[in-house]
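Asks: These protein sequence lines map, in sequence, to chains A and B.
When we follow my numbering, the leftmost residue of the first sequence carries the number 1, and every step to the right adds one.
When we follow my numbering, the leftmost residue of the second sequence carries the number 1, and every step to the right adds one.
Treat the hints with care, as some may be off.
[Said to hold, decoys possible] Among chain A residues calculated to face chain B with C-beta under 10 Å, some are:
1. T191
2. H193
3. V504
4. V598
5. T600
6. G617
7. Y618
8. F619
9. R620
10. V623
[Stated by the list, open to error] Examples of chain A residues toward chain B, derived with CB under 8 Å:
11. Q615
12. S616
13. V625
14. V627
Quick caveat, the hints were computed from the structure, so don't treat them as lab data.
Ideal Cβ positions, reconstructed from N, Cα and C, are used throughout, including at glycine.
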Amino acid sequence: MSTSQLALSVLLLPVVGAILLAGRGWRLPRTFTKIVGPGVVWASFVGTLALYFGNAHGDFTYWTWIKSGSLVVPFNLLVDNLSIFMCLVITGVGALIVTYSVGYMEHEDGPSYARFFTYMDVFIFSMLLLVLAGNFVFLIVGWAMVGLSSYLLIGFWYQRRSAVLAARKAFVMNVIGDVGMILGAFVLFVTYHAITYSGVFSHLGQQANCTRDLVLCGVGDSFNIELAAFFLLVGAVAKSAQLPLHTWLPDAMEGPTPVSALIHAATMVTAGVYLIGRMHPIYDIATYAHNTVAIVGAVTALFAATIAIVQTDIKRVLAYSTMSQIGYMFLAVGIGAYAAGFFHLLAHAFFKALLFMAAGNVIHAMHDEQDMRKYGGLFRQLPRTSWSFLIGSLALVGVIPLVGFFSKEQILGLALSKPDNSLALAVWVVGVVTALITGFYTGRMWWMAFGGKASPERPVAVPHEARLVMIVPVLILAVLSVVGGFIQTRALGIGPSSFSDFLVPVLGRVSWEEGAGVVIAGLVTMALATLLFLAAYRLYVERSWKPWSSRVPWAQRLLERKYYFDEIYDAAVVRPMDGLADVGLRDIEKPVFDGAVVGTGRAAVAGASSLSLTQSGYFRNYVLVFVGGAVVAAVLLLIRANS
Amino acid sequence: MSGLSIGGSQLDASWFLILAAILFIIGTAGVLVRRNPLVILICIELMLNAANLTLVVFSLQLHNLEGQLFALMSMTVAAAEAVVGLAILVDIFHERDVEDIDELSEMKG
Numbered sequence: 001m002s003t004s005q006l007a008l009s010v011l012l013l014p015v016v017g018a019i020l021l022a023g024r025g026w027r028l029p030r031t032f033t034k035i036v037g038p039g040v041v042w043a044s045f046v047g048t049l050a051l052y053f054g055n056a057h058g059d060f061t062y063w064t065w066i067k068s069g070s071l072v073v074p075f076n077l078l079v080d081n082l083s084i085f086m087c088l089v090i091t092g093v094g095a096l097i098v099t100y101s102v103g104y105m106e107h108e109d110g111p112s113y114a115r116f117f118t119y120m121d122v123f124i125f126s127m128l129l130l131v132l133a134g135n136f137v138f139l140i141v142g143w144a145m146v147g148l149s150s151y152l153l154i155g156f157w158y159q160r161r162s163a164v165l166a167a168r169k170a171f172v173m174n175v176i177g178d179v180g181m182i183l184g185a186f187v188l189f190v191t192y193h194a195i196t197y198s199g200v201f202s203h204l205g206q207q208a209n210c211t212r213d214l215v216l217c218g219v220g221d222s223f224n225i226e227l228a229a230f231f232l233l234v235g236a237v238a239k240s241a242q243l244p245l246h247t248w249l250p251d252a253m254e255g256p257t258p259v260s261a262l263i264h265a266a267t268m269v270t271a272g273v274y275l276i277g278r279m280h281p282i283y284d285i286a287t288y289a290h291n292t293v294a295i296v297g298a299v300t301a302l303f304a305a306t307i308a309i310v311q312t313d314i315k316r317v318l319a320y321s322t323m324s325q326i327g328y329m330f331l332a333v334g335i336g337a338y339a340a341g342f343f344h345l346l347a348h349a350f351f352k353a354l355l356f357m358a359a360g361n362v363i364h365a366m367h368d369e370q371d372m373r374k375y376g377g378l379f380r381q382l383p384r385t386s387w388s389f390l391i392g393s394l395a396l397v398g399v400i401p402l403v404g405f406f407s408k409e410q411i412l413g414l415a416l417s418k419p420d421n422s423l424a425l426a427v428w429v430v431g432v433v434t435a436l437i438t439g440f441y442t443g444r445m446w447w448m449a450f451g452g453k454a455s456p457e458r459p460v461a462v463p464h465e466a467r468l469v470m471i472v473p474v475l476i477l478a479v480l481s482v483v484g485g486f487i488q489t490r491a492l493g494i495g496p497s498s499f500s501d502f503l504v505p506v507l508g509r510v511s512w513e514e515g516a517g518v519v520i521a522g523l524v525t526m527a528l529a530t531l532l533f534l535a536a537y538r539l540y541v542e543r544s545w546k547p548w549s550s551r552v553p554w555a556q557r558l559l560e561r562k563y564y565f566d567e568i569y570d571a572a573v574v575r576p577m578d579g580l581a582d583v584g585l586r587d588i589e590k591p592v593f594d595g596a597v598v599g600t601g602r603a604a605v606a607g608a609s610s611l612s613l614t615q616s617g618y619f620r621n622y623v624l625v626f627v628g629g630a631v632v633a634a635v636l637l638l639i640r641a642n643s
Numbered sequence: 001m002s003g004l005s006i007g008g009s010q011l012d013a014s015w016f017l018i019l020a021a022i023l024f025i026i027g028t029a030g031v032l033v034r035r036n037p038l039v040i041l042i043c044i045e046l047m048l049n050a051a052n053l054t055l056v057v058f059s060l061q062l063h064n065l066e067g068q069l070f071a072l073m074s075m076t077v078a079a080a081e082a083v084v085g086l087a088i089l090v091d092i093f094h095e096r097d098v099e100d101i102d103e104l105s106e107m108k109g
């Protein structure tokens with residue numbers, strides 16, 4: 001099989017699964033769903049591994065979709081090390097999570113069970129299309145389709161009103177991003193008359209040379225590039241739940257936990273990072289947009305981490321932590337440390353999927369109770385889940401030698417050592433503060449849920465450990481979280497950098513070197529974060545210290561209300577729109593449009609009933625009319641003949 | 001209008017046409033005023049034959065055989081129409097005794 005066929009089959013295998021399961025698939029035995037649902041993702045993973053080991057690369061055009069003047073839209077897949085890496089994460093972590101869902105969704109009835117796996121397979125396909133697309137049109141198609149899958153899966157339990165509302169919110173927020181993407185693609189097309197990556201970037205190559213010598217070439221394009229970069233950033237921000245389009249992600253936790261693990265932690269929400277990495281030739285030129293990426297990332301990282309301190313729903317803590325960690329990735333790609341950002345994406349996919357799935361096991365054991373205050377003392381009762389969760393938590397905090405340390409500290413190290421750059425220094429400070437807060441809220445989550453004694457409000461006194469199919473994927477990810485860091489230990493200043501080297505053909509090398517002091521700064525950050533992780537034990541298990549919130553109650557209220565973002569959006573956008581819609585309904589829709597439609601109907605009915613009087617049913621009436629008509633016709637003919 | 005030679009004697013064509021018109025008007029009046037369905041059918045035959053007469057007269061006058069051919073055609077159609085119309089009437093008479101065509105007004109709007 002040639003590389004192009006292999007890439008296409010990697011993309012299309014999940015669709016095959018979705019088609020098999022859609023419609024009447026659930027009428028087949030449940031085992032069919034259990035095999036096909038995860039099976040196609042595993043098959044796709046094997047295909048991706050073949051691409052990886054085959055050292056595949058190329059830009060494969062399969063057919064031309066649209067040809068109209070200078071607009072030529074081919075269906076082409078771009079296979080390079082970046083897309084192969086993303087496919088490995090999507091299909092690898094995705095296959096583990098879909099396998100886990102086989103157990104997690106067991107309580108669903110037949111149609112819903114098959115529907116869940118259909119949606120999951122559709123999502124995997126959309127995400128693969130997003131990362132494999134070789135032009136902006138199919139990038140946007142994939143971009144919108146992951147939004148759709150996300151909508152369908154958040155609203156999976158559509159009988160729950162909150163789930164439907166959360167799904168709608170996520171969809172609307174994502175559409176804002178989609179519009180940004182489309183406008184960005186428009187700007188690039190208008191500027192360069194190209195819609196494929198290779199077409200656009202080949203123009204940018206000349207532009208890059210220009211920036212060194214602004215006198216030689218006009219700066220006419222640079223405005224367009226900035227504009228396109230900002231539009232694309234809107235898309236990235238919406239998809240990755242960064243400020244200010246972040247409010248949908250915490251609500252998205254209404255979906256089933258495997259969905260949170262796959263879509264809202266490991267893959268879809270990192271699409272924004274992928275986008276900026278993929279578009280790095282643009283961002284390398286568009287300085288303002290590039291700096292904005294770093295600022296947005298840093299602010300979101302800190303912002304989300306502070307909110308995570310006060311959340312009591314275990315999945316919401318993880319959701320805010322996801323926002324915060326994606327903030328780190330934005331920060332990394334924003335300062336130009338692309339490979340470091342993607343390394344954190346990989347690490348985050350490992351440990352956050354692990355945390356979500358372990359949390360799912362806990363939620364299952366607690367009979368769907370998600371409030372951490374009602375857990376407590378689970379460590380002895382759920383040993384395997386607890387150990388996995390601990391590994392995930394420590395990786396999130398960034399403790400040596402877990403994968404989170406190497407990825408996060410490399411980002412911070414690169415930010416600190418970037419020469420002559422005050423912005424990088426500022427985001428480094430924010431990043432370090434965030435790392436400390438991360439240590440604290442992770443500790444709080446861990447100790448509240450697993451440490452101490454069982455809460456008196458706990459719904460289940462003796463919980464059962466999850467089934468094998470739900471434990472094994474968690475354990476695999478735990479192992480990956482432990483050993484994953486050793487492929488790239490640059491955060492310690494020594495050892496391999498296999499990961500960055502792998503991405504060099506696409507992303508290039510970081511232009512600066514990390515100094516020795518950076519390693520010490522990283523170790524100190526880690527030590528402080530770990531101390532805060534342990535300090536949470538005193539606060540939330542021993543309760544020997546007074547809770548911090550007793551001193552600053554206003555701060556706690558501010559955090560619990562999530563900085564009033566939902567309220568502000570409600571007042572600024574939702575309620576004015578509702579009011580406008582009400583006015584439109586009352587003053588325009590009902591009198592004008594309804595009036596026209598209903599009036600037409602009434603006129604037809606009235607006309608019909610008056611015309612029906614002519615149908616008397618009497619034969620002679622009809623004949624008389626007929627003869628009368630014939631006479632009139634004859635007279636008219638005579639008049640014409642004589643004139 | 002030139003005359004027609006029929007059986008060796010000359011006769012003006014307008015007489016025939018006047019006859020046809022009278023027949024046609026009688027037929028039409030019959031359809032309009034009579035109530036018995038059978039009589040109405042007979043009146044329709046009368047109207048058709050008036051039309052046939054016109055066709056034949058013009059055919060002779062213009063020395064064009066198409067008119068006579070068309071009269072034959074029209075007779076065929078008249079026969080078919082009589083078959084269908086009588087069949088319907090017979091069918092209705094099986095159900096009930098209709099003396100007045102106005103009794104058959106169930107299809108009114």
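Asks: Once the shortest beta carbon distance from Q615/A to chain B is found, is it less than 8 Å?
Replies: Q615/A check passes; min Cβ-Cβ to chain B is 3 Å, inside 8 Å.
Asks: Hint validation: V625/A versus chain B, beta carbon distance must be below 8 Å. Holds or violated?
Replies: 11 Å, violated
Asks: Does G617/A meet its interface restraint, that is, does its C-beta lie within less than 10 Å of any C-beta in chain B?
Replies: Hint on G617/A: holds, closest Cβ of chain B at ~3 Å, below 10 Å.
Asks: Quick check on R620/A please, does its C-beta sit within 10 Å of some C-beta on chain B?
Replies: Holds - the Cβ of R620/A comes within 10 Å of chain B, reaching about 6 Å at its closest.
Asks: Taking the closest Cβ pair, is H193/A under 10 Å from chain B?
Replies: 65 Å, violated
Asks: Close enough to count: is the Cβ of F619/A nearer than 10 Å to one in chain B?
Replies: Check passed: Cβ of F619/A comes within 5 Å of chain B, closer than 10 Å.
Asks: Closer than 8 Å between Cβ atoms is the bar; does S616/A clear it against chain B? Give me holds or violated.
Replies: 5 Å, holds
Asks: Would you check whether V598/A satisfies its interface hint, that is, whether its CB is within less than 10 Å of any CB in chain B?
Replies: Nearest chain B Cβ about 24 Å off; hint violated.
Asks: Tell me if T191/A is really an interface residue toward chain B, meaning its C-beta lies closer than 10 Å to one of theirs.
Replies: It is violated, given that the least Cβ distance between T191/A and chain B is near 67 Å, above 10 Å.
Asks: Is the interface hint for V627/A satisfied, with its Cβ closer than 8 Å to some Cβ of chain B?
Replies: Hint on V627/A: holds, closest Cβ of chain B at ~6 Å, below 8 Å.
Asks: Identify whether the interface hint at T600/A stands, where standing means a beta carbon of chain B within less than 10 Å of its own.
Replies: Where the cut-off is 10 Å and the nearest Cβ of chain B is about 21 Å from T600/A, the hint is violated.
Asks: Under 10 Å, Cβ to Cβ, is where V623/A needs to be relative to chain B, so tell me if that hint holds or is violated.
Replies: 5 Å, holds
Hint compliance for this structure: hints 1, 2, 3, 4, 5 and 13 are not met, and every other hint is.
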